[in-house]
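Number of protein chains: 2
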Amino acid sequence: MESTTQRYLSFVDLMGLEQRYRAAFVNSLSGFKSVALIGTTNNLKQTNLAIFNSLIHIGANPPYIGFISRPDSVDRHTLSNIIETGFYTINHIHEEIYQQAHQTSARYDKDVSEFDATKLTADFKKGFVAPFVKESHIQLGVQFKERINITTNNTVLVIGQINQVYFPNNCLCEDGFLDIEKAKSITCSGLDSYHSTSRLSRLKYAKPNIETAHAKLGYIEK
Amino acid sequence: MESTTQRYLSFVDLMGLEQRYRAAFVNSLSGFKSVALIGTTNNLKQTNLAIFNSLIHIGANPPYIGFISRPDSVDRHTLSNIIETGFYTINHIHEEIYQQAHQTSARYDKDVSEFDATKLTADFKKGFVAPFVKESHIQLGVQFKERINITTNNTVLVIGQINQVYFPNNCLCEDGFLDIEKAKSITCSGLDSYHSTSRLSRLKYAKPNIETAHAKLGYIEK
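For the protein sequence lines, the chains are A and B, in the order given. So in the working numbering the end of the first sequence lands on 222, straight run, no missing numbers. So in the working numbering the end of the second sequence lands on 1222, straight run, no missing numbers.
These are calculated hints, taken from the structure and not from any lab test. Treat the hints with caution; some may be incorrect.
[As the list claims (entries may be wrong)] 16 Å max Cα-Cα, derived EDC-like pairs, lysine to aspartate or glutamate:
| hint | chain 1 | residue 1 | chain 2 | residue 2 |
| --- | --- | --- | --- | --- |
| 1 | B | K1207 | A | D109 |
| 2 | A | K184 | A | D116 |
| 3 | B | K1207 | A | D116 |
| 4 | B | K1207 | A | E95 |
| 5 | B | K1204 | A | D192 |
| 6 | A | K207 | B | D1109 |
| 7 | B | K1125 | B | E1135 |
| 8 | A | K207 | B | E1095 |
| 9 | A | K119 | A | E135 |
| 10 | B | K1182 | B | E1095 |
| 11 | A | K204 | B | D1109 |
Working from the sequences, and respecting the hints, build out all of it.
Here you go:
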């Protein structure tokens, strides 16, 4: 990386970019993102499936997960269905279905189900109103908890409680870590780039190195 | 994946798990995450550096980025510094520095800089109060905009405006997409697992396939 030129853009430079160019650029800056399919239904049993790259861990106790919804986009069917029924599913995406998953972002009419349009299979599990994606290896059944309006740019943070988790048993590690790479889950960057992963390592819980931490203060414990 | 057993956990099952086991498990469910170092300083010029795996794209126009802060964790120095000075840096992590980056999560005293403790280099750029990480290939200078309290579990969504971007020029594509894989940025999963990536592909902007979309409605355009 040392041989390449470093380049700089200011806020004013960013605001001067053409809109789609800026969207592609700024969407790249937040790093690799989770990518998943959110399945919903309305009270008329019309199903909807949409890809989201804005999932975020909110908390483990209780198990809460969030995502960002943009009212001006195709996400709007997802949000209105969630508010109507109170439930939704979050389904991990793997290499074999990411192209179908991406296709759910097309602007289909409200009476067209993205399940039909993309040939992904709606999986209704007992006691849960929203459809899971049958082809997905890790499936979450989520109950809507809180809608937080982000007034600065008219987006919405949707928070839900994880009520159901389906996962491959051989991906669960001894300490509770679920090996989503082994389950073939993928990641994305920007608006349209999909990536598989290779583990570098799992690192131990970090503790202060007394010697390093105190060196600066002038006393080193030996 | 077909040959493995699918396993199921309910909300009650999740709540019954031992705390650290549950944290490891639930942190895996949101998929692959961005991972970056946030650099700050307080008004006494004491620097702080902390790893975050909760970055989230908020919007491109204006360029806004968010992250989740947990008041009960080591993140607290980051949040208090951001509120005190109004500025912070977000620095991508690559393979050569991820172990040092992870080490910043140790609970150092407030008077110990994680820059010193981890041997990462504070890079003060002209006209910006918060320190960048010199070793990082993609560096963002961010201005604090909004703090949103997530009352359901006492976490905070911190939103900032991207005022400065430094990046390798050879990673910028024609359409504005920044190739963060080429810049060696990595991703993480769970609490402690780090991964490099391999691009599957970039997909085109999705448009409805008329034939598929209307097939279900009984009329197919030819």
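Hints that the structure is at odds with (numbers, increasing): Violated: hints 2, 4, 8, 11.
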